[in-house]
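Hey, can you work out the whole structure from these sequences and the hints?
Protein chains in written order, with this note's numbering: chain F, 1 to 117; chain B, 118 to 279; chain Y, 280 to 762.
In short, the hints are calculated from the structure, not lab data. From the three backbone atoms N, C-alpha and C, an ideal C-beta is built for every residue, glycine too. Among the hints, a few may not be true.
Claimed, not checked - Once the Cα atoms are required to be at most 27 Å apart in a straight line, the calculated DSS-like pairs of lysine-lysine come out as:
{"#": "1", "chain 1": "F", "residue 1": "Lys-58", "chain 2": "Y", "residue 2": "Lys-313"}
{"#": "2", "chain 1": "Y", "residue 1": "Lys-631", "chain 2": "Y", "residue 2": "Lys-313"}
{"#": "3", "chain 1": "F", "residue 1": "Lys-111", "chain 2": "Y", "residue 2": "Lys-600"}
{"#": "4", "chain 1": "Y", "residue 1": "Lys-631", "chain 2": "Y", "residue 2": "Lys-442"}
{"#": "5", "chain 1": "F", "residue 1": "Lys-111", "chain 2": "F", "residue 2": "Lys-58"}
{"#": "6", "chain 1": "F", "residue 1": "Lys-110", "chain 2": "Y", "residue 2": "Lys-313"}
{"#": "7", "chain 1": "F", "residue 1": "Lys-58", "chain 2": "B", "residue 2": "Lys-278"}
{"#": "8", "chain 1": "F", "residue 1": "Lys-110", "chain 2": "F", "residue 2": "Lys-58"}
{"#": "9", "chain 1": "B", "residue 1": "Lys-278", "chain 2": "F", "residue 2": "Lys-111"}
{"#": "10", "chain 1": "B", "residue 1": "Lys-278", "chain 2": "Y", "residue 2": "Lys-313"}
{"#": "11", "chain 1": "F", "residue 1": "Lys-110", "chain 2": "B", "residue 2": "Lys-278"}
{"#": "12", "chain 1": "Y", "residue 1": "Lys-631", "chain 2": "B", "residue 2": "Lys-278"}
{"#": "13", "chain 1": "B", "residue 1": "Lys-278", "chain 2": "Y", "residue 2": "Lys-600"}
Unchecked claim - Not everything, but these chain B residues come out facing chain F in the computed CB check (under 10 Å):
{"#": "14", "residue": "Val-176"}
{"#": "15", "residue": "Ala-210"}
{"#": "16", "residue": "Ala-246"}
{"#": "17", "residue": "Ser-249"}
{"#": "18", "residue": "Leu-266"}
Said to hold, decoys possible - Derived CB-CB ranges, DEER-like:
{"#": "19", "chain 1": "F", "residue 1": "Gly-87", "chain 2": "Y", "residue 2": "Val-741", "range": "52 to 60 Å"}
{"#": "20", "chain 1": "B", "residue 1": "Tyr-145", "chain 2": "F", "residue 2": "Val-20", "range": "19 to 27 Å"}
{"#": "21", "chain 1": "B", "residue 1": "Met-182", "chain 2": "F", "residue 2": "Ser-34", "range": "15 to 23 Å"}
{"#": "22", "chain 1": "F", "residue 1": "Ala-62", "chain 2": "Y", "residue 2": "Arg-385", "range": "20 to 28 Å"}
{"#": "23", "chain 1": "F", "residue 1": "Val-109", "chain 2": "Y", "residue 2": "Ile-705", "range": "48 to 56 Å"}
{"#": "24", "chain 1": "B", "residue 1": "Ala-219", "chain 2": "Y", "residue 2": "Val-329", "range": "55 to 63 Å"}
{"#": "25", "chain 1": "Y", "residue 1": "Arg-385", "chain 2": "B", "residue 2": "Ala-219", "range": "52 to 60 Å"}
{"#": "26", "chain 1": "B", "residue 1": "Phe-163", "chain 2": "F", "residue 2": "Phe-69", "range": "27 to 35 Å"}
Each chain, letter by letter, is given below.
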Amino acid sequence: MDQYVPVLIALILGGVVALVMTFASTMLGVKTHSAVKDEPFECGNPPSGSAWGRFSVKFYLAAILFIVFDVEVVFLYPWAVVFRQLGLFGFIAMLLFVLVLVVGLVYEVKKGGLEST
Amino acid sequence: MDFVTFFALAIPLVVVAVMVIAHPSPVYSALFLVMTLFLLAVYFLFLNAHMVAALQIIVYAGAIMVLFLFVIMLLNLQSDTLRTQRHGLGRVAIIGGVILLAELGLLLQGSSSELAESSLPENFGTVEALGSQLFTKYLLPFEITGILLLVAVVGAVVLAKR
Amino acid sequence: MDMTLPAVNWLSVLPTLLLSVTGMLALFWDIWMKDDERSLLGWLSLTGIVVTALCSWLLWGQNDVESFSGMFALDAYAVFFHLVFCLVAGLTVLMSLTYLETAEIRHGEYYALILFATVGMTVMAAATDLILIFLGLETMSIAVYVLAGIWRQHLTSHEAALKYFLLGAFASGFLLYGIALIYGATGSVQLGPIAEHVGAQGSSPLLLIGMGLLIVGFGFKVAAVPFHVWTPDVYQGSPTTVTAFMAVGVKAAAFAAFARIFLHTLGAVHTDWQGILWVVAALTMTVGNITALVQHNIKRMLAYSSIAHAGYLLVAMVAGKELGGAALMYYLVAYGLMNLGAFGVVVAVGRKGEPHEELDDYAGLGFRHPALGMAMTVFMLSLTGVPPLVGFTGKFYIFSAAVQAGYIWLAIIGVLNSVVSAYYYIRVVVNMYMREGEAIVELPSLRSALGAAILIAAIGTVLMGVFPSASMSWAGASFLSLG
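What follows is the structure, encoded as structure tokens:
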């Protein structure tokens, strides 16, 4: 477990920094309120509509495809770790796997699965 | 895993898990679910399942949660519409929970501590050990997974693209 | 660290590989081809399937060893099922060549998905490892879920896909949980070591629960009562050719893995699971047949009939041993031929925009189109179990296996059910010959791909029924290769 101590320290430090920044700005900063300032920030434009707007179902396709290729990438981690021991055999094994998914990628791009219009 | 660490992890885990079902806003529920999955990943680390812990964060807290949030945004559920429909499920959940507790109790009675202390092989559960098994012994399942993912891509495009 | 590379026996995965490559080619070709060339995809798929079938045929009895570190065995049992899947997929593709036009399904991916589903089936039949069986099952299932919903214009198709997917995912969960518990009980996911462990130690509570969950998972896939509730809606809503593929292919693949695990691997503890399967088989036959009696939609009727036939197949599982196993395999072929033929006729009767799926639409069909009426009569009589057709010989083998194994009551229930089933099968024939048809609808020429598919199924139904011994002894020899 010792090798995970740095991860824990990084996590704690990250949390502390975030908390310090939030509290420091509320304590030290000068507060001015106005109707415009209290609105949610929307790239400098006056906000329009609800932030809870409904997404188009088209984005769901992108999300599902993301999961599929995320799972593919997950298989690459252990492969990279043992790559040297496996040698050519492992290379061909992964090549076949990736080739199958490249077929899927080409198919998906050509069918317009990634176009958002 | 000693007593103190166990409870230091278990109490926040149970709290955030309860918040997942107790919070009225679905988006907050989803974020609490992310925390639950993170804390579960730490448990996997204590069980020497290093790769599973990494997968828990990459796939579940990463990809699956994105999908959850997408669904919430697609359906645009407001917290008040959800609250009215909650009744009826509670009773089923309580019955299921009681059965699960009884099962766990039975399992705890049956198993002795000797199982827990049996020694693990060196490198058990590391990414390296998993990789060396996956690409040799489990080579064929690995390649079939590629086909399975391809079918998933085709299926998603066929059904969702007009 | 242990890094022994596995013995890769390419020959043993050659049929699976061929099907996958054909599927990917079909997927690629579809991207660049014009709309009116789509039937070429069907012919490409058919070529791939025929080549795969020839390959599997040549490999019969050549590869009885396990390869890929004991995960995969293209033994004679697997080859037998490979050929069954190729037959089913081939006939489905032939029927689809006509059907996709009438149903106006314009997805070129259709053929690729059929091929990938067949890949999953071949993996299920040849896998000797529970994880690989699960992966094959998922590959097949996901492809079939999508196929069920590919009829985008029809809401019923969406409903079918969603129902099948949700309940199927649930069933997969049961199956996976069962696999996990069996791993816990025996310490292995490979069928060989599990059989050794079970043979030496007998059963344990954990193993019993694991087996029960496996029965739930497979029971869903073969549509056994009480896991059958999805069947009528899914079969009715899916495109007809997909229904045929589902009813025959998915069932055969599930039984291939089911029988390998239970009859062979868990054969040592057969007393533990035979009782449950006895009840499931009796229920499945009875519920399927009784509910089929009141159906007016022919696809729905065939759905309940397919539930009933799952019951007969389960009787063969209960009977077990060499005789039951061979009868199971023989009946799967028989059921495949007659059921695919029946669905082929349903496709032939359908028109653009008018599916003509009600029983009344078959009134007078025997006079309007004698060849089609004749074929449908053969399939219906065979499904009833009238000699000398294949349905009769298949049932004869199953029930005699049950009697020899001492399950006389189960055989009696089965025979009574066959008598009940005669009512709804013969009703179709009566409709075709004894009633006046409405305005004559022009029917397609049988000199098309669809006609060829119906003809092949009809010839098979008659020939296998008249000369059963050759195919039966072949099934027996294949089953024995399980060792």
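Just pull the numbers of the violated hints for me, sorted ascending. Of the numbered hints, 3, 13, 15 and 21 do not hold.
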